[in-house]
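J.: Spelled out from the first residue to the last, the chains are:
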Amino acid sequence: MKTPDLTVQLGPLKLANPVMVASGTFGYGAEYADLIDVRRLGAIVVKGIRLNLWEGNRTPRMVEVPGGLINAIGLQGPGVDGFVESYMPFLRTTGVPVIVNIWGTSVAEYGEVAARFDDVPGVAALEINVSCPNVKEGGASFGADPQRMAEVVAAVRRSTRLPLLTKLAPNVPDIRIFARAAEEAGSDILSISNTIPAMVIDIETRRPVLANRVGGLSGSSIHPVAVKLVWEAAQVAHIPIVGMGGIMRPSDAIEFLIAGAAAVAVGTANFIDPTTPLRVIDGIADYLCRHDFPRLADLTGSVKI
Amino acid sequence: MQLEDARIILHQPAAGGYRRIVFEASEIADQTRPGQFVHLRVPTLPDTALRRPFSICLASEGTIHILYKEVGIGTAALAALPEGTTVSLIGPLGNGFPVPAADALPLLVGGGYGVAPLLFLATSLKRPGILFVGGRTAADILLTDEFTALGWEVQIATEDGSRGTTGLVTTALDTWLDQHGQQPAEWFACGPDGLLRAVGDRAIAHNCRAWLSLDKHMGCGIGACLACVQRLQRPDGSQYLGRVCRDGPIFEAREIVWEEA
Numbered sequence: 001m002k003t004p005d006l007t008v009q010l011g012p013l014k015l016a017n018p019v020m021v022a023s024g025t026f027g028y029g030a031e032y033a034d035l036i037d038v039r040r041l042g043a044i045v046v047k048g049i050r051l052n053l054w055e056g057n058r059t060p061r062m063v064e065v066p067g068g069l070i071n072a073i074g075l076q077g078p079g080v081d082g083f084v085e086s087y088m089p090f091l092r093t094t095g096v097p098v099i100v101n102i103w104g105t106s107v108a109e110y111g112e113v114a115a116r117f118d119d120v121p122g123v124a125a126l127e128i129n130v131s132c133p134n135v136k137e138g139g140a141s142f143g144a145d146p147q148r149m150a151e152v153v154a155a156v157r158r159s160t161r162l163p164l165l166t167k168l169a170p171n172v173p174d175i176r177i178f179a180r181a182a183e184e185a186g187s188d189i190l191s192i193s194n195t196i197p198a199m200v201i202d203i204e205t206r207r208p209v210l211a212n213r214v215g216g217l218s219g220s221s222i223h224p225v226a227v228k229l230v231w232e233a234a235q236v237a238h239i240p241i242v243g244m245g246g247i248m249r250p251s252d253a254i255e256f257l258i259a260g261a262a263a264v265a266v267g268t269a270n271f272i273d274p275t276t277p278l279r280v281i282d283g284i285a286d287y288l289c290r291h292d293f294p295r296l297a298d299l300t301g302s303v304k305i
Numbered sequence: 306m307q308l309e310d311a312r313i314i315l316h317q318p319a320a321g322g323y324r325r326i327v328f329e330a331s332e333i334a335d336q337t338r339p340g341q342f343v344h345l346r347v348p349t350l351p352d353t354a355l356r357r358p359f360s361i362c363l364a365s366e367g368t369i370h371i372l373y374k375e376v377g378i379g380t381a382a383l384a385a386l387p388e389g390t391t392v393s394l395i396g397p398l399g400n401g402f403p404v405p406a407a408d409a410l411p412l413l414v415g416g417g418y419g420v421a422p423l424l425f426l427a428t429s430l431k432r433p434g435i436l437f438v439g440g441r442t443a444a445d446i447l448l449t450d451e452f453t454a455l456g457w458e459v460q461i462a463t464e465d466g467s468r469g470t471t472g473l474v475t476t477a478l479d480t481w482l483d484q485h486g487q488q489p490a491e492w493f494a495c496g497p498d499g500l501l502r503a504v505g506d507r508a509i510a511h512n513c514r515a516w517l518s519l520d521k522h523m524g525c526g527i528g529a530c531l532a533c534v535q536r537l538q539r540p541d542g543s544q545y546l547g548r549v550c551r552d553g554p555i556f557e558a559r560e561i562v563w564e565e566a
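Those protein sequences? They're chains A and B, same order as listed.
Read in the numbering used here, the first sequence has 118 at position 118, and its numbers run on one by one without any break.
In short: position in the second sequence from 1, add 305, done, that's the numbering used here.
Keep in mind the hints are simulated off the structure, nothing from the lab.
Using N, Cα and C, we set each Cβ at its ideal position, and we do this for glycine too.
Take these hints with a grain of salt, some might be off.
Partial pick of chain A residues on the chain B-facing surface, computed with a CB cut under 7 Å [said to hold, decoys possible]: (1) Glu31; (2) Asp34; (3) Leu51; (4) Glu55; (5) Pro60; (6) Arg61; (7) Glu64; (8) Ser220; (9) Met248; (10) Pro250; (11) Ser251; (12) Phe271.
Stretch by stretch, here's where chain B covers chain A in the computed footprint (C-beta under 8 Å, at least three residues) [stated by the list, open to error]: (13) 18-26; (14) 68-75.
Computed Cβ-Cβ distance ranges for the label pairs, DEER-style [stated by the list, open to error]: (15) A/Thr205 with B/Asp465: 40 to 50 Å; (16) B/Gly466 with A/Thr205: 20 to 30 Å; (17) A/Gln147 with B/Thr391: 15 to 25 Å; (18) B/Thr391 with A/Val303: 35 to 45 Å; (19) A/His291 with B/Pro351: 24 to 34 Å; (20) A/Gln9 with B/Ile509: 55 to 65 Å; (21) A/Ser251 with B/Gly466: 57 to 67 Å; (22) A/Ala33 with B/Gln488: 21 to 31 Å; (23) B/Gly499 with A/Val303: 53 to 63 Å; (24) B/Gly377 with A/His291: 41 to 51 Å; (25) B/Ser365 with A/Ala33: 48 to 58 Å; (26) A/Thr205 with B/Arg441: 16 to 26 Å; (27) A/Asp174 with B/Gly499: 43 to 53 Å; (28) B/Gly466 with A/Ala33: 50 to 60 Å.
Excised from the complex, chain B in its bound form (with noise of 0.2 Å):
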């Protein structure tokens, strides 16, 4: 983890109104294992302004790239940046996804830009899986081209049911598990709480490990103001809280102890 000024070198619409941004930030990039992110200070923003946090999608030759999309005065003004602006840049930051085992195929879950991460897991790992992605419209199923080209399977579901199945995720990962939820399995999942829960639920019945990237609301980003705890349990039942920022993003299911909605 360190403080590094990144300089913009690309800053371009991606596909449904997403954007994405390299940065050239040489000594993050090189420290940058998938599931990681980091945390970014909006310099147009007043300087009371909090960090914002991006997952980084792409860590590679010096350069680290993030998907976002407007959804508020933070992400608003970072659309406005030219490319060539220096940005200040925390990173990385979080545990990473683990490396699964060897006999057990990635299982991928996404909503959203909540692929942005599992892409660079993907790019990672040395077999290619099946990645389930969801979302409202056409327009949120993002990045698939890149797996595809990787040689993985794809299966998209949108609730509008403008692409894929009409549906959830969970349903089109519900149909696959029915005929194939026998073999092992690792499962790793980004996207909103819901998304996770489920997802999470599904891999315990099956026997399976997921790893489950946590989006919370977060302060500091380094563990210090404590914002963003999540309740956790140990293997012993004992209850805690964790610091999805430091002792996350990313948690085994097992490990999560949900609130009553």
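Excised from the complex, chain A in its bound form (with noise of 0.2 Å):
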């Protein structure tokens, strides 16, 4: 059988293949240049950008849990101009769609971001981040209720002309109504999910491990949850959805592929085995060759129920 076509159309955003690297867990991209091809990724989304620089939380920002870990990072970031400067220059040389995961502590914020990156060569689409659960403004505060969510991403839409994700919260009662309300805003891809908020408590000193006290479990813990919500988000979308949440094999990707998704990231993975999105790239191919599936597209939301 000949190669399969991994080729994929996100709405208006076209990737070479459908595994991206998932905002927070791959720095700038720089950072893993030397130990992997990165030009071989479907699309590099960066760690989150707000407006100015931003220190996020104080340490420990991160503790292992068993099937993953708990991050209370905060969204450290060296704010829009910081990033252009000391990092699209690199991301620009490798060819790979650049998408800026953006966030702000206030709807305006939201909009001056996307408005900034309007113009920058370069980025290929913008992730608006309402689900951050390590921030006490912005982030999942706005992802927690469908008209505040509604109204960041109009206002990001109202701002850019770049193609736009909404990366869900995954905490909610329903994540169908936050898919509705999200493409209603108008927004063209949905990314579900983040992580789940989640606390450790050291029984020796009866304190939380992290200093933020509680931060988002990721890894191989989430990755059923993460699909689940997938599978409920494509019933109800007319919108492609990006599966993220524990993928640490090519098995894992493709679940989220037959649940609904149009295409993955991969998330902790990345800190463990940088190889992983290459591995999962060549996995579906592969499994496109076993399963005698021409093209990606018809692998998608094939779940049989």
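Using the supplied hints, reconstruct the complex from the two chains, each of which is provided in its own coordinate frame.
T.: Here it is, written out as structure tokens:
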């Protein structure tokens, strides 16, 4: 059988293959350049950027747990200017679509950040972060209420011509309401999902292990949760979904595709085995061959219910 | 920095309950400088377990050596790996120690297995200096014979007095400084934060440079996740968060802004 077609059209965004790296797990791309051929990635989603430099939370910021880790980095980042100056030159050389994850502490800031990226060469799309559990203002506080979330998405939509992904929170009663709200507010693509709020206590000191007390759980343990969210959202969404949460191996990614995702993002696994996204690309191609799918799109949403 | 599958060619107990592993890792070994580390994936841990960072205590002829003690599930699983096992390493990571000024006496201060990267540094220096090494008990005092064989003076302090001076390593250091503190020296230290801070303060008071190797809980080891940040300051006094894994682990004492306890 000939090589399957791995290209994917995510609304207005075309990717050479469906495997991205998730925001916050791949730095700004350059960190991994010595370890893997980053040019093979479907897209690079960079760490969350707000308008100005942001220091994030105190340390300890990360703790390992069975089936993954909990992080409370708190969206440390260089701000729009720092990012464009320090990191875009390398990212442009990769030729890979760059998706900038953006956040703010107000609806207006989200819009302003989006507007600033509108004419930055090399930026392919924006991912609206309304689901980070680790910042007090902004992040998940917008993603917990469909109307507030829609206001953010609409403000960003008005501020940019770039394709928009909206990264939905996992800890909501009904993901379908949020999927529809994001779509109606102008999102082109859905990213499902983010880390799940979590906590670890040191029983000897009786203090939380993380300085921020709570953080976001990622890794294998959240994979089945995210598969269910993707499957539910796919039943109501008319826009493509990027599935993410605990992809450690190709089969985890293929599950997302079958559940209804058009593409996937590898996150926590990048910390442990940086070759994971490349192995996932090869594994998907192999799976399509073995199951006689000539095109990736035929696999998306093919779950038999 | 690169990924390399490295074979364990020697894995044996060392003094005081510590263990030594020698890896066949020709590509990493060729690039390694003293003070750098490897990020090691323990193959028998669940696949979601993070890598573990280990200081390199020697790199020569295509091999690298690490020294460790069982302190948790990661090192316990590591201790059970037989010789011949292949392990994924990322390395060499971090900035490494700078070369000291030619006229400066190298003063090394290590706490417990903090002496591991200092031994590698000592082997690379043109002139021998003095090692101050401290630990809780005699069992925590490692590698001193290796320093002595290189012609180094070794001063030992243990908290329980079971070997050398009784007290913290800084007590031994202070005694030496009272007598010899005027001569030009360049300091290098590896150990817990309290030790590093005490060493840094003394170096600044004696107008010497002190290169301190920080140990901070890491995620990715390559500067992407931002778990292991440390507050630092520039010469103009402005502050920022540096990544211990990528921008460090070695910083000059004047760069570090210690968190208030």
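J.: Now, for every hint given, state plainly whether the structure supports it.
T.: These are the hints, each one checked on the structure:
1. The closest approach between the C-beta of A/Glu31 and any C-beta of chain B is roughly 4 Å, which is under the 7 Å cut-off, so the hint is satisfied.
2. Taking 7 Å as the C-beta cut-off, the interface hint given for A/Asp34 holds, the closest approach to chain B being about 5 Å.
3. Among the interface hints, the one on A/Leu51 is violated; its C-beta lies about 18 Å from the nearest C-beta in chain B, farther than the 7 Å criterion.
4. Taking 7 Å as the C-beta cut-off, the interface hint given for A/Glu55 holds, the closest approach to chain B being about 6 Å.
5. About 6 Å separates the beta-carbon of A/Pro60 from the nearest beta-carbon of chain B, less than 7 Å, and the hint is met.
6. The closest approach between the C-beta of A/Arg61 and any C-beta of chain B is roughly 5 Å, which is under the 7 Å cut-off, so the hint is satisfied.
7. Taking 7 Å as the C-beta cut-off, the interface hint given for A/Glu64 holds, the closest approach to chain B being about 5 Å.
8. Interface restraint check for A/Ser220: the shortest CB-CB distance to chain B comes to about 5 Å, inside 7 Å, so the restraint holds.
9. Of the supplied interface hints, the one on A/Met248 holds, with its beta-carbon coming within about 5 Å of a beta-carbon of chain B, less than 7 Å.
10. Nearest Cβ of chain B to the Cβ of A/Pro250: about 13 Å, over the 7 Å cut. The hint is violated.
11. Of the supplied interface hints, the one on A/Ser251 is violated, with its beta-carbon coming no nearer than about 12 Å to a beta-carbon of chain B, more than 7 Å.
12. Satisfaction of the interface hint for A/Phe271 is found here, the shortest Cβ-Cβ separation to chain B being roughly 4 Å, below the 7 Å cut-off.
13. Coverage of the stretch 18-26 of chain A by chain B holds [criterion: at least 3 residues with CB-CB distance below 8 Å; count 3].
14. Three residues within the 8 Å Cβ limit are the bar, and the stretch 68-75 of chain A against chain B gives 4, so the coverage statement holds.
15. In this structure the supplied range 40 to 50 Å is violated for A/Thr205 paired with B/Asp465, their Cβ-Cβ distance being about 25 Å.
16. For B/Gly466 and A/Thr205, the hinted distance range of 20 to 30 Å is satisfied, since their beta carbons lie about 29 Å from each other.
17. Remark: the range hint 15 to 25 Å for A/Gln147 to B/Thr391 is contradicted by a beta-carbon distance near 54 Å.
18. Between B/Thr391 and A/Val303 the Cβ separation comes to about 38 Å, which falls inside the hinted range of 35 to 45 Å.
19. The supplied range of 24 to 34 Å is met by A/His291 and B/Pro351, whose beta-carbon atoms lie about 29 Å from each other.
20. At about 60 Å, the beta-carbon gap between A/Gln9 and B/Ile509 stays in the expected band of 55 to 65 Å.
21. Range check, A/Ser251 to B/Gly466: about 58 Å between beta-carbon atoms, so the 57 to 67 Å window is met.
22. Here the CB-CB span from A/Ala33 to B/Gln488 is close to 44 Å, at odds with the stated 21 to 31 Å.
23. Taking the beta carbon of each, B/Gly499 and A/Val303 are about 56 Å apart, inside 53 to 63 Å as hinted.
24. Here the CB-CB span from B/Gly377 to A/His291 is close to 42 Å, well matched to the stated 41 to 51 Å.
25. With their beta carbons about 28 Å apart, B/Ser365 and A/Ala33 fall outside the hinted range of 48 to 58 Å.
26. Hint check: A/Thr205 to B/Arg441, Cβ distance near 20 Å, so the stated range 16 to 26 Å holds.
27. Look at A/Asp174 against B/Gly499: about 51 Å separates their beta carbons, and that is inside 43 to 53 Å.
28. The hint said 50 to 60 Å for the Cβ distance between B/Gly466 and A/Ala33, and at roughly 51 Å that hint holds.
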